[in-house]
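Each protein sequence line maps, in turn, to chains A and G.
Sequential numbering from 1 applies to the first sequence in the working numbering.
Sequential numbering from 1 applies to the second sequence in the working numbering.
Keep in mind that the hints were calculated from the coordinates and are not lab data.
Incorrect hints may appear among the rest.
Claimed, not checked - When the alpha-carbon atoms are kept at most 20 angstroms apart in a straight line, the in silico EDC-like pairs for lysine to aspartate or glutamate are as follows:
| no. | chain 1 | residue 1 | chain 2 | residue 2 |
| --- | --- | --- | --- | --- |
| 1 | A | 15 | G | 65 |
| 2 | A | 15 | G | 77 |
| 3 | G | 15 | G | 145 |
| 4 | G | 42 | A | 160 |
| 5 | A | 15 | A | 145 |
| 6 | A | 15 | A | 115 |
2 protein chains.
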Amino acid sequence: MSVYIGLVHYPVLNKAQERVSASISNLDIHDIARAAKTYGAKSYYIIHSEPGQKKLLDTIKAFWENPELPYNPMRSEALEIIKQCDTIEDTINEITTQEAMRPVIVTTTARKMPEQIPFGYLRILRQSRRPVLILFGTGYGLCDEVHHLADHILEPILGDGVYNHLSVRSAVSVVLDRISSEYIYGRNHGYSAHSWQRPNQNRLSRISRRRYGEGPL
Amino acid sequence: MSVYIGLVHYPVLNKAQERVSASISNLDIHDIARAAKTYGAKSYYIIHSEPGQKKLLDTIKAFWENPELPYNPMRSEALEIIKQCDTIEDTINEITTQEAMRPVIVTTTARKMPEQIPFGYLRILRQSRRPVLILFGTGYGLCDEVHHLADHILEPILGDGVYNHLSVRSAVSVVLDRISSEYIYGRNHGYSAHSWQRPNQNRLSRISRRRYGEGPL
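Input sequences plus hints: build the corresponding full structure.
Next comes the structure, spelled out in structure tokens:
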């Protein structure tokens with residue numbers, strides 16, 4: 001029922017495939033908080049243990065938490081779901097305490113690996129009573145030790161061809177979209193889940209002729 | 001068949017709902033190029049007419065185009081699909097010349113508006129012979145005049161509740177994912193399009209018992 005997002009900054013890989021700690025990026029904070037809030041994640045954990053990086057995160061959060069900020073309350077609302085933990089273990093422990101149940105740990109990767117679960121299975125996990133923590137890696141991705149200790153590794157997002165190098169911000173958005181109910185079941189739409197195969201004719205007939213023509217734009 | 005992405009910096013809205021020109025953001029360049037490349041878009045147009053902004057874009061592109069760059073060829077590959085045009089009209093004209101056919105213009109918005117097309121219809125448009133140009137707004141979104149002149153306005157991405165404030169980077173990724181064939185038809189997966197309803201038991205049975213247990217992580 002409850003989905004938690006964890007953005008891991010250690011242990012992750014660098015371009016030489018070495019285990020490193022990555023820096024916190026401002027847009028990882030904002031973009032992922034907005035996606036997590038949009039898709040109803042319960043919390044978005046930014047996982048980093050370095051004091052300077054934690055202070056940076058606190059400063060950015062504090063700026064947006066200021067109730068007298070004259071603009072963009074939507075941004076402040078999104079950043080409210082951010083939490084910080086030093087390690088993956090601390091994150092799991094905090095969720096376990098809060099939910100009185102250990103979350104299912106699902107790791108993500110752009111690589112094909114043995115025994116990955118399909119998105120459909122993650123969707124089913126999401127609907128169960130047990131909370132789900134989905135871990136994303138910064139840098140060049142999560143270290144294998146994280147995958148090995150997780151309950152499941154999610155299959156990669158594959159696009160149109162051989163290139164699949166989405167930013168972590170895009171990857172979080174796509175994963176949350178694929179496991180959310182809106183797209184598949186057409187909730188809030190009034191047309192069926194299979195509308196990509198047969199678009200609702202009543203709906204389309206309401207569109208003016210001009211829209212099908214060659215506009216002046 | 002061909003999908004083009006256009007990131008519009010003018011005319012867009014600011015927070016006061018005024019018509020303004022927005023600045024180019026570095027991560028809009030990178031994240032959207034990577035998503036466009038991953039999902040097989042033909043080109044990613046960055047639409048801005050201000051000389052200083054165009055120079056900034058050129059500098060960033062030139063940096064990544066340097067063939068002697070010692071790292072991250074994947075990033076250079078993504079940025080190769082970026083093109084620049086001064087206006088939406090120029091973009092349409094350039095695509096029209098290249099394809100010998102005017103593209104279908106589809107605008108996007110986070111708002112509910114009359115006569116929006118569902119994602120399923122955009123998916124069908126994508127499969128037709130005519131190229132499709134999908135326009136995304138920076139700032140607080142595209143001005144109404146752009147929507148009014150487009151052939152179609154795409155329905156908004158709705159998440160779990162009332163909050164839907166995705167970044168434009170997330171929105172592009174989700175739109176491209178929803179209209180790509182991989183997710184729905186399970187291409188490259190070996191399981192059916194409906195696997196979210198009945199996960200492939202053969203596949204799941206290959207997952208070791210440990211993955212279902214309470215790991216030490």
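Taking the hints in turn, this is what the structure says about them:
| no. | hint | result |
| --- | --- | --- |
| 1 | A:15 - G:65 | holds (19 angstroms) |
| 2 | A:15 - G:77 | holds (16 angstroms) |
| 3 | G:15 - G:145 | holds (17 angstroms) |
| 4 | G:42 - A:160 | holds (11 angstroms) |
| 5 | A:15 - A:145 | holds (17 angstroms) |
| 6 | A:15 - A:115 | violated (25 angstroms) |
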